[in-house]
Amino acid sequence: MTASRAAAERAEALRKEIERHSSAYYVHDQHTIPDAEYDRLFRELEALEEEYPELASLDSPTQRVGGKPLSGFATIRHDVPMGSIRNIAYVEPGSKANLYDERAAIQFDADIRKKLKLTDRDLPVEYTAELKFDGLAISLRYEQGVLVRAATRGDGMTGEDVTLNARTIRDIPLRLVGRNIPFVLDVRGEVYMLWADFEKYNTSARLRGEDTLMNPRNAAAGGIRQLDPSISARRSLRFFAYGIGSSQGWVVPSNHSDLLDALASFGLPVSSCRKVVVGVKGLMSFYREIAGKRPTLGFDVDGVVYKVNSLAIQTALDVDNTKKHPDWAAAHKFLPQEVSTKVEDIEVQVGRTGALTPVARLAPVIVGGVEVSNATLHNEDQIRRKDIRKGDTVIVRRAGDVIPEVVAVVLDRRPPGTKQFQMPSTCPICGSKVIKVVKEQRLKTKESRQKEEAVLRCIGGLACPAQAKEALIHFASRRAMDIDGLGEKLIDQLVDQGLAKNPADLYSLKGSELSRLDRMGEISASNLVKSIETSKNSSLSRLIFALGIPNVGEETAKDIVKAFGRLDFIIDARPEVLVFVPNVGKDTATPVYAFFSDGHNRQVVDRLRQAGVNWVESPITIRASFAELIARLDIKKIGAKRAEQLASHFQTISRLVDADLSELTRTLDSETAARSVSEHISEIGVRQRLLDVEAQLIDFGMHWTNQPATAVRAPGGALVGKTLVLTGTLSSLSRDAAKQMIEAAGGRVTGSVSPKTDYVVVGDDPGQKYQEALELGIRTLSKDELLRIVEGAGQQTLSFDDEH
DNA sequence: ACGCCTCGAGTTCT
DNA sequence: CTCGAGGCGT
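When the letters of the first sequence are read in order and numbered with numbering that gives the first Met the number 0, they come out as residues 0 to 803.
Hints are not guaranteed to be accurate.
Claimed, not checked - Within a straight-line C-alpha distance of at most 20 Å, the following computed SDA-like cross-link-like pairs (lysine to any residue) qualify: (1) 738 - 717; (2) 116 - 105; (3) 435 - 541; (4) 292 - 767; (5) 755 - 766; (6) 341 - 272.
If you are wondering where the hints come from, they were derived from the structure by calculation, not from laboratory data.
Every value quoted in this text rests on a predicted model; they were computed, and no experiment measured them.
Required output: the full structure, derived from the provided sequences and hints.
Structure, rendered in structure tokens:
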């Protein structure tokens, strides 16, 4: 068969591109293309050369195994070439995509059995299964047990002499130990870097203003190939041995697993993550096991390696050793976690708070086994920084194992004529203006500096359909009013058909109106009406949270409700009063006040109350302190101490605001301070405002006291005052249920582990919070231990909540 | 003014 | 889960 001109051109193009990437990668430590993509190009070229052998030229990248040596190192010829292992991938029949799933193991095993001419009746083949480390392969030569030479793989035949650098690696013994040490031993293994060391290195590099390293693999590969061994030493590299090249003066073990044991017995580090397995089932279960352990290994592993265990069978399979890869071994890679794809469009979404969020619509790709077609781009700055444009090819990764993230643009593939992305100047949904909210930064400098928020916001409020929808979704959500069956799709329809614009409308929906909607029968309609009805029995704090007031989440809603007890107080509360609520400052008080001052919102809330969304009202549990109120006014020269003096002298606001300068001076013992107070009070509106605040506090039945606010309630329970953190899944106990239980026992549940945490409750498959707990020496509890503590404390925990 | 804790808010897919 | 920023103690 003759190569067509098209094939020849394609091969040439592939060669050029592969050369470019591999030079960037190996020579300059730069990452210009995701690994999976590089593999794909490489395999395409291999396939072409296999089909048309006359295209295979000697200078083709497929003829080389590693990168080109950097100048500056002596070259070393390997006694036994350092080959590489072939990658196996399962290809779905009829699909071009490589699915690197466990089925690849089936083909590998079948291949071996066929070459060995085994039939179904023969015994399964024995393999060793090991980790495929993601670092740099090197060879260590020991003569009479002493390390004499270390070399990189290089092109497989010759590599670079990195002996000095290898000596800085603590894992690498300078002298072998144990009995029966070979006269000559050429150890093969991988230099790698632990994640923790990688982070440490980058943190200190950042502090020094030096360049940071891209990833642990490049750090290891670059680190071992530094001309200055002290640079190499700074990277705290590690080493694992996984095989040998040549050896003299010993009896080589008869299978691979014994060989690894022997290496370990010489004092060489050999990973304990290895197994002797039998047949294809064994291969697959090892693959699955490591895929699961991967996040906890502490270093990068990009797959597993299978080797026929018996060295005799290896040799038998190796008769035709002219090939680049041995037949008796294979690398089974994990699903790629970084993949490239095209940005088909950049759209802008509008969230509940009006925030405009750009989202990349991607050509669907499989990342980590899941199809991804959207990725958030967060905000304008983010897009600018990465310069992501419509039409670009980008590298996508699943960050934190879940949420897709655009890592970088592959600039080489940018088509001509792309334009920088521009955020719209009006809301894409309702056309209202969009603004960047300006935040005042209270700085002591002369000009109170102003800082813009990073996000653009639509000012349309609930008049904007996007925000109205999001507000309803939030209102109905599980943690808010928990209206079962009212999901996003349904809310879309309700808003689009004008049946509901705000939460209050939900409570007047008729079953007959609902059953006319898409995918709604009479039964589901009446179920929905029922769950809307049920939601009236949730709780006041859920309602406050459900309203979606900026800066008021679940916890803050609880704090506010604890303080005021009843809805009408919350509605009327002035910001000066709201700040008496623990954990509520100006930035929370202002939005709350603004929310309830808005006529439209007020109307919605009134309608909700009329519909019966209301609760048994209970007394107030905070004390307002007059001194604190004065201190918070931020009057110049008046700090906590003088506020105290004013409070104890005047006792009430009415008397303070009418005080003359001489009385103030006498009280404070300072004329300038007194003047400052009187100037503040005479500012327009201040006097009236203070009187209003006082009137309100009296209305609410708050006690005026100069004592600091006191804790009102000392609840019983086994976990009083304890802070707990949950991690992992607690079988048969949902997170929410666990949280409720802990709170009922007087404890608190927070999201992250800190020195203040008392216990970490560890479930199955825990996250890194477990690690943090161990590092900080915090006590951990199993689910059962938690239950025992909570239940052991008995009944008093159950009844405490209703002292109001 | 600074730093430590937490909370709020946004986000994807099954 | 992660990031940013509010609350609060020092």
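Are there hints from earlier that the structure breaks, and if so, what are their numbers?
When the structure is compared with the hints, numbers 3 and 6 turn out to be violated.
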